[in-house]
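K.L.:
Residue numbers (the working numbering): 1 to 85.
Rather than coming from a laboratory, the hints here were simulated on the basis of the structure. Keep in mind that the hints are not guaranteed to be accurate.
Derived Cβ-Cβ restraints for the label pairs, each shown as a range [what the hints assert, rightly or not]:
1. 66 with 46: 25 to 35 Å
2. 14 with 48: 23 to 33 Å
3. 46 with 18: 24 to 34 Å
4. 15 with 48: 16 to 26 Å
5. 18 with 53: 25 to 35 Å
6. 64 with 30: 23 to 33 Å
7. 59 with 35: 28 to 38 Å
A virtual CB, placed ideally from N, CA and C, is assigned to each residue, including glycine.
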Amino acid sequence: MNEERKFRDLKKSLTDKKIAGVCGGFGEYTPMPSWMWRVVFIISLFMGGLGLISYIILWICMPSADLAIRHERVVNPESSSNNTN
1 MNEERKFRDL KKSLTDKKIA GVCGGFGEYT PMPSWMWRVV FIISLFMGGL GLISYIILWI
61 CMPSADLAIR HERVVNPESS SNNTN
């Protein structure tokens, strides 16, 4: 991957989700697949419930990919139009 990733690119996945898309978003952001993130959250669930608390916080705070796409269209309307000239 040649492009530099920034923390603000982290968002909930629209396509790879079982509950809210948090693990799918981590899977798209990191080289670790989403199923491994799900295992990490499930294991941490049994270690004091920290996995559930952190998942709920991420579910609330993590932006949705749908909102990011809509925001990009509003900020750059000419990038989404089809100019054929």
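K.L.:
I want to verify a distance hint. Is the separation of the beta carbons of residue 64 and residue 30 within 23 to 33 Å?
P.N.:
Cβ of residue 64 to Cβ of residue 30: about 18 Å, so the range 23 to 33 Å is violated.
K.L.:
Measuring from beta carbon to beta carbon, are residue 59 and residue 35 in 28 to 38 Å?
P.N.:
18 Å, violated
K.L.:
Are residue 46 and residue 18 spaced within 24 to 34 Å by their CB atoms?
P.N.:
Because 18 Å falls outside the window, the suggested range is violated.
K.L.:
Against the range 25 to 35 Å, how does the distance between the Cβ atoms of residue 18 and residue 53 compare: consistent or not?
P.N.:
18 Å, violated
K.L.:
Can you tell me whether the CB distance of residue 14 to residue 48 sits inside 23 to 33 Å?
P.N.:
Cβ of residue 14 to Cβ of residue 48: about 31 Å, so the range 23 to 33 Å holds.
K.L.:
Honestly, do residue 66 and residue 46 meet the 25 to 35 Å range at C-beta?
P.N.:
32 Å, holds
K.L.:
Mind checking the hinted window 16 to 26 Å against the Cβ distance between residue 15 and residue 48?
P.N.:
31 Å, violated
Going down the numbered hints, you'll see the structure goes against 3, 4, 5, 6 and 7, while the others check out.
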